[in-house]
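Undergrad: Residue-level listing of the chains:
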Amino acid sequence: MSIKENYAYAGNILRINLSDGKISKESTLDYAKDWLGSSGIAIKILYDELKPWVTPYEPANKLIFGAGVLLGTPAPGANKMNVSTLGPMTGGWASSCSDSYVGCELKYAGYDSIIIEGRAHQPVYIWIDNDNVEIRDASRFWGKTTWETLELIRKELKNPYLHIISIGPAGENLVRGASIIQDRGRAFGRGGIGAVMGSKNLKMIIAKGTGSIKVANPNKFMDMVLKIRENFAQSKAVENTHKYGTLSVFSTKRKVCSINYKNFQYYDIPDDMALEIFPLKTIDKYEIAKQSFPGCAINGCGRHLYINEGPYAGLKTECNQWEVFENIQTRLAIREPTFMLKVNALCNQLGVDIDLIGGAVGWAMECFQRKIIDENDTDGLKLNWGDAGVVLELIKKICYREGFGNILAEGCARAASIIGRNSEYYALNIKGQDLYEPCRGAMGWCLGTTTSTRGGGHTTGAVTCESAPDLNLEKAKLVYGVDNPHKPLEYEGKAKMILYMEILHRINNCLGVCHFHTAWWDVDLIDVPQLLDIYTAATGDKILLDDFKKMAIRQLNLEKAFNLKHTNFDRKDDLPTLRDIQESIPTGSLAGWKMDIEKYNKMLDEYYEIHGWDKCTSFPIEKTLVDLGLAEVAVDLKKIGKLG
Amino acid sequence: MIFDMLDCGGCKTCELVCSFHHTKEFSHQFSSLKVLDKKSGIGYQILLIEREDKINIPCNGCKDIETPLCLKYCGEKDTLEKIINEFKRKKLE
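Taken in sequence, the protein lines are chains X and S. Residue numbers 1 to 644, in our numbering, belong to the letters of the first sequence in order. Residue numbers 1 to 93, in our numbering, belong to the letters of the second sequence in order.
These aren't lab readings, by the way, just hints derived from the structure by calculation. Incorrect hints may have been included.
To be verified - Cross-link-like lysine-lysine pairs, in silico, DSS-like; alpha carbons within 30 angstroms at most:
#1 X:Lys572 - X:Lys602
#2 X:Lys316 - S:Lys63
#3 X:Lys155 - S:Lys38
#4 S:Lys72 - X:Lys214
Isolated chain X, as found in the complex:
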């Protein structure tokens, strides 16, 4: 049995050329059989259609938006849209997912994906209302923040219920780590995809659809959905995530010594600081409302807060998630507890990846600390750790490319190469992209991050279970196929764990399922075989489990090949930062722990071996590609001397 056009998939891919205004449709099912959905379809199109000499900001680059296969149904957590492109951060594959209402509307309008080509001659936005697709003038919105844009367009079109995705000034100014924002918050954060959107003069996309999505086996599908929700109602992990989002990990992160302080100089914050900025207290104090997204079976991980005191009194915004707290608040040593909300709101308004801010400003502050740069470099600003005002000022300078901000806007790796003065050591990045993930002290998390094809990042294979409190150990052993999933300091077995997670993450992305509903977050939640059951009930496609997993591996290998075509990445780019290799953890529960680079390299050898990639170079070998149906890719890589 194969996928029928009218089950789960909307059936159409929209292709929009902003240079000549041409709009056309093609069939999703031409791609879905081998590439599943959204991010899988996108990498196939990008690999096939982008010549090796294309660069991220030129009209020839393509920006592909994809709604996950299950969007439009009440499948658990089915609200993730994907954006993929040739990204300016790494120069290779860039891909980012976010919750969105727009993704669901796109499905109801009849589309699974949108390919944006070319560049508009002046700012435009894309309007999709069922069959009616228009490229409309957006000059009056250019320069506006994402919040202003949402308010203005809802007013102009007299529709207070419109949902959009948009870029802010950061995207417009081609800030290398610019993001794309959903309504007022939730971000397609990584890779600089917002800058690519800005380079095309595309301000926003609006989608509205009155169509419907059918599933192949409706009663079975709904029974599965209900059963999962009933299981979730019993889950402690789900309960914590519902109450505090990912900020719920605070106590665990302190216990396992994994909190970035002062640009990875330390892996824990001082005890008094921990008391001062305890994020759960902030949420409890200022919470006013919940926020959920379509299909969410966690009953929403979001909270709206209203701050009625302190330096940001009057701010009403959705609360940030953990990454903002660790990668900006603690990384830059800020002690004002409501700062995390303010900085999250500002980054959402201006449309910039919070990881760019953490990476670039972290680098700058450490350079200032070490007197590598001074006020002559920083427009007179004193970049002292803990100065919240300076951080907010720098964010604005970055997003508007003013003065020193113009250098920081390039990300820490490029900023360090511009400034020089041996500052590169403090520019923590992987494959050129600013790093968020603390890589010492948890080797599975580390390996998944360093090998990520999108340049650092923990949602393409990194595992969280090593340090999870109350881990269901027997289930974890079963899911990962290793005996030591609960041992973060061990190097053995991690490669196998990463392989499982690389598959799960990609299937989640293609189906549009939120990672936090799955075994990534807690081993008792939805795993790959269950996802296959839901997929089969939805599409009618009775595909075997091995073939389902193979689709994800095929996608991974094509991402790898895409990177090989467009960048110089090889084994050296799958290593942790020099700081994480050389320095031991100075304080906290893991004080004294230092990475064993020999063991890391052995772990990496094992990773390449199980992936069928050459150990010296990391390049896929011919047999691996042929077995995945990628024989032509093997020919391409051989031509450029990059076949393993």
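With chain X's structure known, arrange chain S on it following the hints.
TA: Structure of chain S alone, referenced to chain X:
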């Protein structure tokens, strides 16, 4: 009829399962309830369709099954149940 639901998170799962109840398909169009953004204040508004017209299917409280589907799938079922009951009561009046 429009009701204020302060603890609604806006996931709109209720709309999809209601649509499923009527048509076995998923669409906001076929739902007897609509979750609406509020201009100000917290939570969302729940609009319940009273009368049938060209595009709208009225809410009949899922009278042919034990538990209304929207309640079965809602994470804040207690609040939504109060709204559904009030709707039923007012409709009878």
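Undergrad: Does each hint fit the structure? Answer for all of them.
TA: Do the hints match the structure? See the list:
no. : hint                : in the structure
1   : X:Lys572 - X:Lys602 : holds, 14 angstroms
2   : X:Lys316 - S:Lys63  : violated, 41 angstroms
3   : X:Lys155 - S:Lys38  : holds, 14 angstroms
4   : S:Lys72 - X:Lys214  : holds, 20 angstroms
Violated hint for the displayed structure: number 2, the only one.
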